[in-house]
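Knowing the structure of chain D, use the given hints to seat chains H, C and A on it.
Number of protein chains: 4
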Amino acid sequence: MHTVSFGSDNHSGAHPIILKALQDINAGYWHGYGEEEYTETVQAKIAALFGPDARCLLLMTGTGANVLALQSLLKSYEAVFCAETAHINMHEAGAVQKFTQGRLIAIPTPDGKLSPKLIAPHISLMTDQHMSQPRIISISQSTEYGTLYTLDEIKALSAFAKDNNLLLHIDGARLANAAVALNCSFAEMTADCGVDIVSLGATKNGCLFGEALIFINHPDAAKDAVYYRKQLTQLVSKMRYLTIQMETYIDKGIWKENALNANRMAKLLAEKLSEIREVTITQPVYVNAVFAILPAHIIPALQAKYHFYLWNEHRNEVRLMCSWNTSEGMIDSLVDDIRSLLT
Amino acid sequence: MHTVSFGSDNHSGAHPIILKALQDINAGYWHGYGEEEYTETVQAKIAALFGPDARCLLLMTGTGANVLALQSLLKSYEAVFCAETAHINMHEAGAVQKFTQGRLIAIPTPDGKLSPKLIAPHISLMTDQHMSQPRIISISQSTEYGTLYTLDEIKALSAFAKDNNLLLHIDGARLANAAVALNCSFAEMTADCGVDIVSLGATKNGCLFGEALIFINHPDAAKDAVYYRKQLTQLVSKMRYLTIQMETYIDKGIWKENALNANRMAKLLAEKLSEIREVTITQPVYVNAVFAILPAHIIPALQAKYHFYLWNEHRNEVRLMCSWNTSEGMIDSLVDDIRSLLT
Amino acid sequence: MHTVSFGSDNHSGAHPIILKALQDINAGYWHGYGEEEYTETVQAKIAALFGPDARCLLLMTGTGANVLALQSLLKSYEAVFCAETAHINMHEAGAVQKFTQGRLIAIPTPDGKLSPKLIAPHISLMTDQHMSQPRIISISQSTEYGTLYTLDEIKALSAFAKDNNLLLHIDGARLANAAVALNCSFAEMTADCGVDIVSLGATKNGCLFGEALIFINHPDAAKDAVYYRKQLTQLVSKMRYLTIQMETYIDKGIWKENALNANRMAKLLAEKLSEIREVTITQPVYVNAVFAILPAHIIPALQAKYHFYLWNEHRNEVRLMCSWNTSEGMIDSLVDDIRSLLT
Amino acid sequence: MHTVSFGSDNHSGAHPIILKALQDINAGYWHGYGEEEYTETVQAKIAALFGPDARCLLLMTGTGANVLALQSLLKSYEAVFCAETAHINMHEAGAVQKFTQGRLIAIPTPDGKLSPKLIAPHISLMTDQHMSQPRIISISQSTEYGTLYTLDEIKALSAFAKDNNLLLHIDGARLANAAVALNCSFAEMTADCGVDIVSLGATKNGCLFGEALIFINHPDAAKDAVYYRKQLTQLVSKMRYLTIQMETYIDKGIWKENALNANRMAKLLAEKLSEIREVTITQPVYVNAVFAILPAHIIPALQAKYHFYLWNEHRNEVRLMCSWNTSEGMIDSLVDDIRSLLT
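Residue numbers (my numbering), protein chains in the order written: chain D, 1 to 343; chain H, 1 to 343; chain C, 1 to 343; chain A, 1 to 343.
Hints should not be assumed to be uniformly reliable.
As the list claims (entries may be wrong) - Between beta-carbon pairs, the in silico distance windows are:
| hint | chain 1 | residue 1 | chain 2 | residue 2 | range |
| --- | --- | --- | --- | --- | --- |
| 1 | D | Leu118 | A | Glu275 | 50 to 58 Å |
| 2 | H | Asp336 | C | Leu151 | 57 to 65 Å |
| 3 | C | Asp53 | H | His122 | 36 to 44 Å |
As the list claims (entries may be wrong) - Every beta carbon over 10 Å from chain A, so not counted as near; a handful from chain H, in silico:
| hint | residue |
| --- | --- |
| 4 | Glu36 |
| 5 | Ser76 |
| 6 | His91 |
| 7 | Gln101 |
| 8 | Pro116 |
| 9 | Val226 |
| 10 | Gln231 |
| 11 | Leu235 |
| 12 | Glu271 |
| 13 | Ser274 |
| 14 | Pro284 |
| 15 | Phe291 |
| 16 | Arg315 |
| 17 | Glu317 |
What the hints assert, rightly or not - One-sided excerpt, in silico: chain D residues whose CB lies under 10 Å from chain H:
| hint | residue |
| --- | --- |
| 18 | Gly13 |
| 19 | Gly32 |
| 20 | Met90 |
| 21 | His91 |
Calculated from the structure, these hints are not laboratory results. For glycine and all other residues, C-beta sits at the position ideal for the given N, C-alpha and C.
Bound conformation, chain D alone (with noise of 0.2 Å):
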């Protein structure tokens, strides 16, 4: 346990009117695995948010759900186009292999941002029964380096989908953050701009645990992914807990909230940071991470107070996460120990 950590947005515990709906739905007896009214309407009603025809599954990890979206869209000889440093090439083990069978393929980047010009030439290599057939553009919002699509660059990702019978899935682990830092709905940023799937995360931004799979449309996808969610073991007995969560999360605004929070404490903290003559901020902070590159002797005596990682070791370069419930007064607190060290 840390007093304050910037490693992660999955470091910080859960918004306490999540933790207290949990108490409140504890008494009595509930159809397990969704299997009522309450799970249904939830669904529903996330799924609302993202378009008239929109279907939604919940589930409980992120890596969950972007392997639900993947499996239930792809055949095993199709491919994944995503960008090297998204989590589903990098961080999941695996898990998109072990489940789908398919091929992802995964395309350098600057920023973590992928784009029609840097895929075309990979489809046009892949045209015969000897290659995995193109099928699904994989895109994160926002990025693992903290970036964001514009609703124009996702529309223009999602013209060049169409015209090469893609479909768009978004991994939305930190649709939130993306969404107020777009100033723009849910909607707005998926369905209006032609995305096909998206995996809604809400684990980081103040649940336990918790996050959904909305198909925008893809009807018949959606009936597969909910036998598909049962073999991925993935379907929860007690489904009230997480349905609780995702209904508070979405109903009580605190997803927006917390987003706002976690997205101005890292402005906040890039401000301070930028004023600092040997700090260099190394990505532009549009959502909740700031990367920087910190004074090499500096960084050990700052990870013994703060958790966060060494990025790339090669250029110090660090990433510093902002959470839902991080404060100005960590924000002055870190900034002003760095500037004690480096004098």
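Only chains H, C and A this time, still in chain D's reference frame:
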């Protein structure tokens, strides 16, 4: 939501002490994914209940624990023997096949229990490169019929397994109920009987969610399982909420208290039902399940008031499950209503 | 090498005309992987034997054809019903599970034949998200017991399949033997009976290697299968050597001539054996297999001279397979030796 | 059918001696599936070419050999490093992922060759339970660009592999061409360099079909591979036709004679082309491939007469493959036609 349910032990909520523990651990920043000392300690504590060399991994769902158990010890050309009624065969939507690509050999049984005699004929057919090779025997303790293996029966299976170069897995979704019914420790029922690997369930018996996989020995497989757990999407980011449940479940004796109540209520229910001439108990009641044949005409009215499953519609057999918070009042009420409906 | 073998019809060599055809096609340079007109033409010609909309893919092994058939039509959460004795269940080392990640439900039968009555009880259990969903019925024609489905029996299975939203697959490793036994065309036995997909074997019946997968309808699955065939590693580079075998097999009537001989020899063998008091024929002889109980004491000496399998050692039942080049002289010799050993 | 093709070495037919051998082995009855002494002997003979402890399994396709090689040594959470241009990455339709469920990490290279320097940065990222774990380096010898690893380069990769607990696989679809180019034995290029496992191709170099997988050591994996081969549907029933090809290929020196011719023809072609001012050779010619940039306007007319592939359409680079039966006359004719088209 039902006021009372005999449908499943997972219809009940969480024990208040478990719920309270979630709140107590909410403050502060924690490393994710169990990559901290606390989870290591709790896993070691649970492992120690099964033997000095045992190792433990926490995960979220019972299906997850079973799939991970088999994956850790199985090659895809190998086969697992289980009862036809086993959860891994009937109620996991093929998750074992999906993940392991291996073969399940489902053997019909009268009471959900395997034996060397039932398995042997299958092994004799699996001789050469054309057949999947026998590798694991998987039994449920207690079984899906509420029956129990005695310690001697487990030992016999284990000896048979060793003679045939097989391993023995226990699906212990209700291992606590079995342990209190047999009045033995987890170690006495597993390690001391020669069992290799155990899925230990806690969800049904008073947690929100919480399962553990215990490698009695097989340290190499336990190391593999760390990675397979991630691939299975069962690695939780905010692990503390899982760890605290499992610790509380064990340390506070909740596992025992809850299992005792569930079993006691089932015994009570069976006793009272057996006094009713029109009702026939169809399986011996060892743990928390009562299987009974009711007169067909009273079932709809009874189901309107209490949730429970019609197990075998051809013979009007119902399954009545008791849980950790089933009360004598609920039993009395159910039995009274049956009597009323019969007159 | 054996001078004579009744062990399997794949113990025999290739028909001289097939072998000659290999030589005739050896000259010149050919596009690989069937990406030329000749293979397209031959595939179309074979498909036409099964119906006007049928499509055909060539491959090398019977297990390959079966796995590709099921993969093309199955999602991993779906299940295939087959007889417990089916080749896909017993003698493919779990290849179906390995490749498709799906579930096989093996149903005990007296004679290797499935029926709606045998399948129906399983379907009734597979209702919700916890169970694999029923999708395919797979039958062997002729069966592993040398028995045959009549056209009416196939039609009944097909009607049952349609009623239950299932598809019907035939493992036709010995389809030629079945066709000549029933005196019908391939189309009459498959498309006209409502079959969906057929594995057509030619290896056992006179080729070096050669199998075809026929989609009676399902053009989309047939397109998928082109890629799955490559993934299954069944796409041959020097395809001409496969194509010419299949063309010769069909065009020169080798399929018929060879199957007729094998069946006729089995009938002859059965007749002669049935005249021996100490021998009991245990299955009706429809095609090229004779199952018979021999006196235990003569089996070792007989096996020293002729290769054949002891099918059921508990009751001294042997399997005697005839092939396309089994001769009357071989039958006479075998029967004479049995008589000698008995005196 | 083409009179001449420079499209691929698999466009050529089979060596007459190989074809003759098929006829010679056609008589009599043989045990199927290699379950006889002859196949055991031939496998042992081939294995012996690679080292005293080597073991060999025969199979039918090169993709089959590669998939089986990786499956035998890989767990699904582990990863294989290969060049982006590797056959297993680009031209097997994802067969490796399909069968092994593991991860391929495709590394861009200038010439189709991996090196420790290219691999090391990837390993440094794969540290914990969130990442697939590094396990195998797979190289092609000769490569898809017609380039070659020197023995020292293989040794360097092997040493790097051992330092990092990795194994080294060679995709030797054209191993014979490499061996004669390097003027070394198979053992000198593999076992003596520390290689772990080798796919040995014979199809392209004069067989109808014929591949072998050689375990230099790893006897346990070799045992597993017997079953995985069956699961991969690569176990041939009439094995004699595969075995005799491989024996003849080795015993009669066909592997050497054929590879020498193919390489010699490619050298000759390159020499003659390099004399043409308008033509640029783009890769060094070590084995049987010539990569060359031709003036765009002559390509269509040339392709009308000779089959070959446009490798990189952006720079008019073509690939011209020579095979075991490419003749000087064919080379002369091609070069003459190029000259004519240029004037």
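Going down the list of hints, with the structure as the test:
Hint check: D/Leu118 to A/Glu275, Cβ distance near 41 Å, so the stated range 50 to 58 Å is violated. For the pair H/Asp336 and C/Leu151, the beta carbons lie near 60 Å from each other, so the given range of 57 to 65 Å is met. As the Cβ distance of C/Asp53 to H/His122 is approximately 41 Å, the hint placing it in 36 to 44 Å holds. For H/Glu36, the condition that its CB be more than 10 Å from all CB atoms of chain A holds, with the nearest at approximately 13 Å.
With a least beta-carbon separation of about 7 Å from chain A, H/Ser76 fails to lie farther than 10 Å from that chain, contradicting its non-interface assignment. Residue-level check passed: H/His91 sits 24 Å from the nearest beta carbon of chain A, beyond 10 Å. Chain A draws H/Gln101 into its interface by the beta-carbon criterion, the shortest separation being 7 Å against a cut-off of 10 Å. With a cut of 10 Å on Cβ distances, H/Pro116 stays outside the contact zone with chain A, its closest approach being about 24 Å.
Not every beta carbon of chain A lies more than 10 Å from that of H/Val226, the smallest distance being close to 5 Å; the non-interface claim is violated. With a cut of 10 Å on Cβ distances, H/Gln231 falls inside the contact zone with chain A, its closest approach being about 5 Å. Distance check on H/Leu235: its Cβ comes as close as 7 Å (rounded) to a Cβ of chain A, failing to clear the 10 Å threshold; non-interface status is violated. Listed as outside the interface, H/Glu271 is consistent with that label: its C-beta sits roughly 50 Å from the nearest C-beta of chain A, beyond the 10 Å cut-off.
Residue-level check passed: H/Ser274 sits 51 Å from the nearest beta carbon of chain A, beyond 10 Å. At roughly 41 Å from the closest C-beta of chain A, the C-beta of H/Pro284 stays outside 10 Å, upholding its exclusion from the interface. The beta carbon of H/Phe291 sits about 39 Å from the closest Cβ of chain A, which is more than 10 Å, so the claim that it is off the interface holds. Listed as outside the interface, H/Arg315 is consistent with that label: its C-beta sits roughly 41 Å from the nearest C-beta of chain A, beyond the 10 Å cut-off.
For H/Glu317, the shortest C-beta to C-beta distance to chain A comes to about 40 Å, beyond the 10 Å cut-off, and the non-interface label holds. Annotation: D/Gly13 was flagged as interfacial toward chain H, and the flag holds, the nearest CB pair being 4 Å apart, inside 10 Å. Given the 10 Å rule on beta carbons, the hint for D/Gly32 holds: about 5 Å separates it from the nearest Cβ of chain H. With 10 Å as the threshold, the beta carbon of D/Met90 stays out of range of chain H, its nearest partner Cβ sitting at about 12 Å, so the hint is violated.
Nearest Cβ of chain H to the Cβ of D/His91: about 9 Å, under the 10 Å cut. The hint holds.
Checked against the numbered hints given earlier, the structure breaks hints 1, 5, 7, 9, 10, 11 and 20 and satisfies all the rest.
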